[in-house]
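Trainee: Residues per chain are reported as follows:
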Amino acid sequence: MCFKNLPVEFDAGGKPFLRNGVGDPYATATATPPEGPRQLTSENIQELLKRNGHIKSLDFDPVTRVAGALAFHTVADFENRKVLEARSVATLFRGYEVIMVGRDPRDAIYITSRACGVCGGVHSVCSALATEMAIGCCPPPMGVLIRNLALALEFLYDHPLHLHLLAGPDYSQVIVEPTNPSLYERAKVTEAHHTAIHGYRTIADLMTDLNPLTGRLYVEALHMTRVAREAYVLICGKYPHPQTIVPGGMSSTINLTVMNEMFVRLSQFFDYSKKLALIWDDITDFFYDANPEYKKVGARRANMIDTGIFDHPDAYDATYESANDWGNRRWATPGAIVEGKLVTTDLKTINIGLEEFVEHSFYEEWTGDGQQQHFATDPSGNPLSPYHPWNKVTRPRPQGTNWKEKYTWDTTPRWDRQSMEAGAYARLWNTAVARKMPESPFMESTGHSLKMRVPAGALPETELEWHVPEVWNAFERNRARAYCQAFTTLIAFEQWRAAMDRLKDGDSRTSTKFEIPKRGTQQGVGFWGAGRGYLTHHLTLDRGAVANYQIVTPSSWNASPTDRWGQPGPYEEAVLNTPLLEETNDPAKFRGLDVLRAIRSFDPCMPCTTHIQSEGGLITREVNTCACGLDD
Amino acid sequence: MRVIVGGVAYPDLCDYSIGMEVQERLSGRQAPANVVVEDLSYNPIAVIQRLEDEPPDDRFERAVFVSAVKRGDRPAGTVSCFRWDGILPSDDEVQRAITEAVTGIIRLDNTLVIARYFRALPNEVVVVEVEPETHEFGAALSPAVAAQVDRVCDLVWSFATDDSAVAALPVGSLALATAPAFRFG
Numbered sequence: 001m002c003f004k005n006l007p008v009e010f011d012a013g014g015k016p017f018l019r020n021g022v023g024d025p026y027a028t029a030t031a032t033p034p035e036g037p038r039q040l041t042s043e044n045i046q047e048l049l050k051r052n053g054h055i056k057s058l059d060f061d062p063v064t065r066v067a068g069a070l071a072f073h074t075v076a077d078f079e080n081r082k083v084l085e086a087r088s089v090a091t092l093f094r095g096y097e098v099i100m101v102g103r104d105p106r107d108a109i110y111i112t113s114r115a116c117g118v119c120g121g122v123h124s125v126c127s128a129l130a131t132e133m134a135i136g137c138c139p140p141p142m143g144v145l146i147r148n149l150a151l152a153l154e155f156l157y158d159h160p161l162h163l164h165l166l167a168g169p170d171y172s173q174v175i176v177e178p179t180n181p182s183l184y185e186r187a188k189v190t191e192a193h194h195t196a197i198h199g200y201r202t203i204a205d206l207m208t209d210l211n212p213l214t215g216r217l218y219v220e221a222l223h224m225t226r227v228a229r230e231a232y233v234l235i236c237g238k239y240p241h242p243q244t245i246v247p248g249g250m251s252s253t254i255n256l257t258v259m260n261e262m263f264v265r266l267s268q269f270f271d272y273s274k275k276l277a278l279i280w281d282d283i284t285d286f287f288y289d290a291n292p293e294y295k296k297v298g299a300r301r302a303n304m305i306d307t308g309i310f311d312h313p314d315a316y317d318a319t320y321e322s323a324n325d326w327g328n329r330r331w332a333t334p335g336a337i338v339e340g341k342l343v344t345t346d347l348k349t350i351n352i353g354l355e356e357f358v359e360h361s362f363y364e365e366w367t368g369d370g371q372q373q374h375f376a377t378d379p380s381g382n383p384l385s386p387y388h389p390w391n392k393v394t395r396p397r398p399q400g401t402n403w404k405e406k407y408t409w410d411t412t413p414r415w416d417r418q419s420m421e422a423g424a425y426a427r428l429w430n431t432a433v434a435r436k437m438p439e440s441p442f443m444e445s446t447g448h449s450l451k452m453r454v455p456a457g458a459l460p461e462t463e464l465e466w467h468v469p470e471v472w473n474a475f476e477r478n479r480a481r482a483y484c485q486a487f488t489t490l491i492a493f494e495q496w497r498a499a500m501d502r503l504k505d506g507d508s509r510t511s512t513k514f515e516i517p518k519r520g521t522q523q524g525v526g527f528w529g530a531g532r533g534y535l536t537h538h539l540t541l542d543r544g545a546v547a548n549y550q551i552v553t554p555s556s557w558n559a560s561p562t563d564r565w566g567q568p569g570p571y572e573e574a575v576l577n578t579p580l581l582e583e584t585n586d587p588a589k590f591r592g593l594d595v596l597r598a599i600r601s602f603d604p605c606m607p608c609t610t611h612i613q614s615e616g617g618l619i620t621r622e623v624n625t626c627a628c629g630l631d632d
Numbered sequence: 001m002r003v004i005v006g007g008v009a010y011p012d013l014c015d016y017s018i019g020m021e022v023q024e025r026l027s028g029r030q031a032p033a034n035v036v037v038e039d040l041s042y043n044p045i046a047v048i049q050r051l052e053d054e055p056p057d058d059r060f061e062r063a064v065f066v067s068a069v070k071r072g073d074r075p076a077g078t079v080s081c082f083r084w085d086g087i088l089p090s091d092d093e094v095q096r097a098i099t100e101a102v103t104g105i106i107r108l109d110n111t112l113v114i115a116r117y118f119r120a121l122p123n124e125v126v127v128v129e130v131e132p133e134t135h136e137f138g139a140a141l142s143p144a145v146a147a148q149v150d151r152v153c154d155l156v157w158s159f160a161t162d163d164s165a166v167a168a169l170p171v172g173s174l175a176l177a178t179a180p181a182f183r184f185g
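Just so you know, the protein sequences line up as chains A and B, in that order. First residue of the first sequence: 1, per the numbering used here; consecutive thereafter. First residue of the second sequence: 1, per the numbering used here; consecutive thereafter.
Rather than coming from a laboratory, the hints here were simulated on the basis of the structure. Heads up, the beta-carbon is just placed ideally off N, CA and C, and yes, glycines get one too. Keep in mind that a hint or two might mislead.
[To be verified] The following residues of chain B were derived to be distant from chain A, with all beta-carbon distances above 12 Å:
| id | residue |
| --- | --- |
| 1 | R2 |
| 2 | P11 |
| 3 | A46 |
| 4 | Q49 |
| 5 | G86 |
| 6 | A101 |
| 7 | T103 |
| 8 | V149 |
| 9 | S173 |
[As the list claims (entries may be wrong)] Going by beta-carbon spacing under 10 Å, a handful of chain B positions derived as facing chain A:
| id | residue |
| --- | --- |
| 10 | V35 |
| 11 | W84 |
| 12 | D85 |
| 13 | I87 |
| 14 | D92 |
| 15 | E100 |
[Unchecked claim] Computed from the model, here is a short list of chain A residues facing chain B with C-beta under 10 Å:
| id | residue |
| --- | --- |
| 16 | P212 |
| 17 | L213 |
| 18 | H223 |
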């Protein structure tokens, strides 16, 4: 029994069914999400702003050092050092779902890749997976391994980029010294614990090298993105939009030369991964020791969702029917975590618990008015909500711009009607707790931690251990992401080793022939992951063309607005829980650093396009939604 | 003098693809041994790394960039050529450019600012801008821009091969993009 809000139960064989006697099982009035921070009413806010000089609006527009277009509105109480209202605004429309309708599904691999300028490959692969499921085509083992390897390389590009170019500066000398001078003084006399690995004697030394533009860690991260990119293009042809992803595998040529070139680059991440993990251990420990209030920055319930990633070549068969089996054999285990507890690792259960709402988003509802639900069940006969992506219709309509009505282009994905967050950390957490990952000489899932034995480079072989944290906050998100660099490096190394074994046996076949069926209706879903976590593409084909295409990205979850039950989205909840710890009493000098730390710790990526499709099927104009005049 | 000619553009984005169109046409011409024509329509950080890969004692001494640049105060199809003054914006703006670069934005000003900041550019940088009209998905250039393609190709070629043509150019500034102007009420 893993659903608390949806009326779905499981029989003795584990098959889900709708609870008997529920008239309208997916009525939105039936959910009772848990207690948590809530937004104040607009009347409360107006009253507070009028009566109290220390309560002010604080807007971040745009939020800098994030990918894409995000604005954030807060009302903060500077006397009591807390945030009273937090609203996350995705300011650009992303219309890939609309663009895809009517096209050949193979186009999706190339078109949806453009949803992101950092990790296009994850969309390409997710799209290929959805198509494989719909058309019944499975890659050969080498195709699975090389696809895993490609995507691991993409994450090796992505994690350092976030840690040291986007989030890292929030912990740098040029930011910390002026905003928290006493903290920086303390950093100057605090010795780092892991000097032997990362080379920094004090925390202040480390902070100095996190400085943007000039810090050595900043510049080194730029360099490491090149190393990952070079390895990636060996098998994908091009970065960030790969040219070799196809349904049924990859069109890359794999030989010893390619594999050796790959290893030269991959092995550079052995030492870099050790450094990254232990740098973020030291940063986190320093802030906690200096002021335990930092544990509240970005804090929220540990509610997470992830579809897992990196298939086992002996398990993956591209069918929905077997999705629980092959999902549970992935290198990164799928899972839904509620209040810190892993409640399922089954992909089909994750899938049927997914719903997407548009109460506060610039879209029209697609349910109601007697409209026929496309699919009452998934392909295995399990119950499906009318709000599920397979039933969703994307109808953009910017209207009613205010906090009560609609204020963002993001939708509101919920699992079991709960606000979940996505991230590399969810991948790590699920895998650590589930104890289902394949056997490896380099990694061990202990049930409460993940042990990683990172091979020697210039540094000696090092054992890292990521522990499920006691609190969930901005620091733990960054720390987990840093450990994920080592996790990803080792997964890439495992794929490389397995691919080499196959190559030695004369197996270099990376793809399977396929045909797009020209008759009937087929469904598929890509369960995959971006560097930033959860990714699904839900696809419906009708007579060989795309009839519906729905993408849910990690930032769809994280940036989602407050839902119809009053639950804030993850960014919003994390900011509502964040204390304002800057050492100033002057609101004019206040930079909102801790609010920004909270938001950036999610690694926001607002997949954006400004193009929409007209009725004539052509992309004709730009759309963005100015947040001007948003009223409370 | 070694010269690199680079187009900076997005494919299939109508007028915003002109940098690529010009680069492709020039790639078909017989270039002198000292001139390299390349598509530089990718992550500016990778462009820097590409430029840094040249032998230290034989780096490019001139770069000619061609791209669509929306200034908005001139008719569509207007072609502007200048030697870039090389003046960098504030460090915050450089950071913003890098953030955009690593997260997938390809734009001439970002490429030039970041490459200059990290000292990867030659001293002499020639910019050939074309004012775009249409910003849509598609392969076709607007008539105003399409009418300029041959001329732009010839101009770029002259700046790549004729020192006197470059010397005659005025010095100019980049059209720096500003942060999106969404504002709460």
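Trainee: So, against the hints stated earlier in the document, which numbers end up violated here?
Mentor: 2, 3, 4, 6, 7, 10, 11, 12 and 13
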